[in-house]
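For chain A, the structure is supplied; the task is to place chain B on it using the hints.
Protein chains: 2
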Amino acid sequence: MDSWLAIVQIVQRGRMGRFWWVNHKQTFTQEHKGGYLWSPKREVNNARSQFYDNMRRARRGDGVLSYADGRIRAIGEVTDEALEAAKPADFGNIGEYWAHTGWLLPVSWRDVVNEVKPSAHLSVIAPLLPKKYSPLRSKNGRGNQKAYLAEISEDLYLALGALASGTIGDGVPPADRFAVIDEYEQAQVQALQSDLTLSETVLRTLMDARLGQGEFRARLLASDKACAVTGVRDARLLRAGHIKPWRLCQNAGERLSELNGILLVPTLDHLFDRGLMTFGQDGLAKFSSSFNAADLVSLKLNHARSGYSLSHHEEFLEFHRSEVFVV
Amino acid sequence: MDSWLAIVQIVQRGRMGRFWWVNHKQTFTQEHKGGYLWSPKREVNNARSQFYDNMRRARRGDGVLSYADGRIRAIGEVTDEALEAAKPADFGNIGEYWAHTGWLLPVSWRDVVNEVKPSAHLSVIAPLLPKKYSPLRSKNGRGNQKAYLAEISEDLYLALGALASGTIGDGVPPADRFAVIDEYEQAQVQALQSDLTLSETVLRTLMDARLGQGEFRARLLASDKACAVTGVRDARLLRAGHIKPWRLCQNAGERLSELNGILLVPTLDHLFDRGLMTFGQDGLAKFSSSFNAADLVSLKLNHARSGYSLSHHEEFLEFHRSEVFVV
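Protein chains in written order, with this note's numbering: chain A, -12 to 314; chain B, -12 to 314.
Bound conformation, chain A alone (with noise of 0.2 Å):
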C-alpha cells in the first residue's frame, strides 16, 4: 500500500510542478489501462480550447486527478511530455468526430482508495474551484461539459487527495513514448507498403528518408554541409533528422524535401527531434523551460545560436515551433 503521505512528500519536495484534473468521460478505461491520457488537439469547428492546449502544459512530476462517472477514481503522475499520436485504437468508436491525431501524455496512473464523489463535498471544494476554465460546475458539483484537462490548486488537489485517503497498488505502467511514436510511424510505413501507386524505388526513397539515411541524407549534407548548431563537419557525426517529423508529413514531397531535414550532432538530433529544443526566427536555439539551466550549461549550450541562416528551413521550423516543440 502507498499511502497518501507519499503523495504529500512529492509535493512537498518544493518542486515547482503544477495539479491537474482530467474529466475522462467516456475514456476513463482505455486511459487508466493504457497509462496516458489522450486529446485531440483543437476542437470539432477546429478553435482551440484551453482543455487541450493543456495536454502540452504538462511535465513530467505533475499530479493529475482522474474523474469519471463522478468520482475521484484514481491518482497520476504525469511521467513525460505529451506527444502527438493517432488517437488510440482501444478508443473503438468513442468519439469518432474527433480528429485523428492529438496529444498523447504518458501518465503513471494508481488507484484511490476511496472513490470520493465531488459532489458530496462541495462546501469543501468549491471555494476551491478555478475560477475559469473549471472541472466542476462550482453550483451543482457535476463536470463541466467542455473540460478535459484542468489546472487546478495544489489546496485542491491535497484536500481531494486526503478525501480519497490516498492511492493503493503498484499502479499502472505509464505509455511509452517511443512505443507510441513507432506505433504510428509503423501505421505510415504500412500504409506507404500498401500503397500500390508507388514503383520500388520511390518506397525505397521514402523508407530511406525516414531513417534520415539514402538520397535525403546525402542533399541535406551536400547543401547544408555541417551541424547547424556546432559547425562539425564530420559526416559521421551528423544526423539528417526531420524538422517536420517524418511520420506527420503530408506527401513524399514533404518527407524528402532537404528544406525539411536539419543535420545536428547527436545530442541536438535529439532534443530537436523530442521537441525540446528549436529554433527561433532570428536563429537563437530555444530549450524547453523543462530543463535545468545548469544542464544547459553543462553541455555548452546556453546561448546557442544556428551556425548558418536557416531561413531557408523556416516553414518547416514554423511547424517545429508550434506543433513539436515543448515549451
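Simulated from the structure, these hints should not be mistaken for lab results.
Any given hint could be a false lead.
[Said to hold, decoys possible] Non-contacting residues of chain A with respect to chain B, defined by C-beta distances greater than 12 Å in every case (computed):
id : residue
1  : GLY22
2  : ALA107
3  : TYR120
4  : ARG124
5  : SER125
6  : SER140
7  : PRO161
8  : ALA178
9  : ALA209
10 : CYS214
11 : GLU245
12 : HIS257
13 : GLN268
[Said to hold, decoys possible] List time: in silico BS3-like cross-link candidates among lysine-lysine, alpha-carbon distance up to 25 Å:
id : chain 1 : residue 1 : chain 2 : residue 2
14 : A       : LYS133    : A       : LYS119
15 : A       : LYS28     : A       : LYS74
16 : B       : LYS104    : B       : LYS20
17 : B       : LYS273    : A       : LYS287
18 : A       : LYS12     : A       : LYS28
19 : B       : LYS12     : A       : LYS273
20 : B       : LYS28     : B       : LYS104
21 : A       : LYS273    : A       : LYS287
22 : A       : LYS287    : B       : LYS287
23 : A       : LYS287    : B       : LYS212
24 : A       : LYS74     : A       : LYS20
25 : B       : LYS287    : A       : LYS212
26 : A       : LYS104    : A       : LYS287
27 : B       : LYS12     : B       : LYS126
28 : A       : LYS133    : A       : LYS20
The beta-carbon is built from N, C-alpha and C at its ideal position, and this holds for glycine as well.
Relative to the frame of chain A, chain B by itself:
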C-alpha cells in the same frame, strides 16, 4: 568508365591516407561481392599478426589493391573503420580453423581494366616492396603465405594502378556498418531466445539491457547519476551504453552489470559506441586520430575528461581501449 586519373587525383588531393595490399586467397569472391575485408583478430595459435592488426589501422579514404590468383583484380577505397564482426556466413567452410569473431573492414571495390600479374613485372615491383611484412616474395613474385592486409608505399600503389590501367564500372556498394552490427546482434538475440534455460523475466531483462533500458539503465542512473563527461543530470539526455558492447559480452552477468555501463549524452554515447572515443586510465577522454581537430574544438571536447572517477568501470574500459577504440 572511371579512369586511372581519378585514382591519381585522390592520391594527389594531399590527404595523408595509407595504401594497402590485400592477399584475399580463398575469400576474394565473398569479400569482393560483399564490399569488405574480413580477418580473424589473431593467428590460430593466438599470436598477434601485423597483417590482422593492420585491419584496424586502415581509415576511410585509404586505397587498397586487391590481389588474388596471382593478379591485381580490383582497387578499393576504405569507407569506414574496421569493426568487430562475426565471420561472414558466406565463407561457408573456408577458414574453418579461424576464430568466429574478427575484424570487418568496409571497402568499396571497383574492377581494374587490366588484371595485371605482379610476377610479370617483378623488375619494376620488387624494389618497391616493403622490407618487412611484404605481401609478395620479392624473389619469385608469389604471394607471401602469411600476408593478409599489408601496408605498401604510394609509389607501389601508383605503379600497379598504372599497370592495371585504373578501374572500370560503378563498383560494389561497401558493407554497411550498421547492417553488420545488426546482423551480429540478431544472432546473439536469437541464441538467447532459443535458450530454454532462461526464464521469460531474465530474457526480457537481457533484451532491455541491450537497448540501454530497464533495470540496467535504472541501476546505472542510481550509481553514476550524471554524464561521465559533461556532468549533465537530466535523465532525458542520458544514454546508458555498454562499455564492452552487448553483442560481445560473454554472459548475462556482463550484459547486466552496471560496471559495464556508462552514462553519456547522445553525442558522446555515439562516439563511444563506435569506438571513436575512449577514456584513459587517468579519466582523460581520448579521441580517434581520424577526427579533424577543428571538429573536436567545435564540439568543445578538446581536453574533455570524466567528471567523476571511472575506476569502478576500469575492467570493462580496458576492453574498450584495446578492442573497440579506433586509434
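Hint check results:
1. Taking the minimum C-beta to C-beta distance to chain B, about 16 Å, the non-interface status of A/GLY22 holds against the 12 Å cut.
2. Listed as a non-interface residue, A/ALA107 keeps its Cβ farther than 12 Å from every Cβ of chain B; the least gap is roughly 41 Å.
3. With a cut of 12 Å on Cβ distances, A/TYR120 stays outside the contact zone with chain B, its closest approach being about 29 Å.
4. Residue-level check passed: A/ARG124 sits 38 Å from the nearest beta carbon of chain B, beyond 12 Å.
5. Listed as a non-interface residue, A/SER125 keeps its Cβ farther than 12 Å from every Cβ of chain B; the least gap is roughly 38 Å.
6. Even its closest Cβ contact with chain B, about 28 Å, leaves A/SER140 beyond 12 Å, as expected for a residue assigned away from the interface.
7. The Cβ of A/PRO161 lies farther than 12 Å from every Cβ of chain B, with a closest approach of about 14 Å, so its non-interface assignment holds.
8. For A/ALA178, the condition that its CB be more than 12 Å from all CB atoms of chain B holds, with the nearest at approximately 25 Å.
9. The beta carbon of A/ALA209 sits about 18 Å from the closest Cβ of chain B, which is more than 12 Å, so the claim that it is off the interface holds.
10. For A/CYS214, the non-interface assignment is contradicted: its Cβ lies about 8 Å from the closest Cβ of chain B, within the 12 Å cut-off.
11. The beta carbon of A/GLU245 is kept farther than 12 Å from every beta carbon of chain B, the shortest such distance being approximately 22 Å.
12. A Cβ of chain B approaches the Cβ of A/HIS257 within 12 Å, the least distance being about 4 Å, so the stated non-interface status is violated.
13. Once the 12 Å rule is applied to beta carbons, A/GLN268 is consistent with being away from chain B; the minimum gap is 24 Å.
14. A threshold of 25 Å between alpha carbons decides the hint, and for A/LYS133 with A/LYS119 the separation of about 12 Å falls inside it, so the pair holds.
15. A hinted pair counts as satisfied when its Cα atoms are at most 25 Å apart, and A/LYS28 with A/LYS74 qualifies at roughly 11 Å.
16. Distance hint between B/LYS104 and B/LYS20 is fulfilled; the C-alpha atoms sit about 21 Å from each other, no more than 25 Å.
17. Under the criterion of a C-alpha separation no larger than 25 Å, the hint pairing B/LYS273 with A/LYS287 is consistent with the structure, at around 20 Å.
18. Of the supplied pair hints, the one linking A/LYS12 and A/LYS28 holds, its CA atoms being roughly 17 Å apart against a limit of 25 Å.
19. The hinted pair formed by B/LYS12 and A/LYS273 fails the criterion: a straight-line CA distance of about 57 Å is larger than 25 Å.
20. Annotation: proposed proximity of B/LYS28 to B/LYS104 is violated, straight-line Cα distance about 29 Å (limit 25 Å).
21. Restraint check: the Cα-Cα separation between A/LYS273 and A/LYS287 comes to about 13 Å, which is no more than 25 Å; the hinted pair holds.
22. Distance hint between A/LYS287 and B/LYS287 is fulfilled; the C-alpha atoms sit about 8 Å from each other, no more than 25 Å.
23. A distance of roughly 19 Å separates the Cα atoms of A/LYS287 and B/LYS212; the hinted pair therefore holds under the 25 Å criterion.
24. About 15 Å separates the Cα atoms of A/LYS74 and A/LYS20, which keeps this hinted pair within 25 Å; it holds.
25. A distance of roughly 19 Å separates the Cα atoms of B/LYS287 and A/LYS212; the hinted pair therefore holds under the 25 Å criterion.
26. For the hint linking A/LYS104 to A/LYS287, the alpha-carbon distance of about 50 Å lies beyond 25 Å, and the restraint is violated.
27. Using a Cα cut-off of 25 Å, the hinted pair B/LYS12 and B/LYS126 holds, with the two alpha carbons roughly 20 Å apart.
28. A threshold of 25 Å between alpha carbons decides the hint, and for A/LYS133 with A/LYS20 the separation of about 23 Å falls inside it, so the pair holds.
Checked against the numbered hints given earlier, the structure breaks hints 10, 12, 19, 20, 26 and satisfies all the rest.
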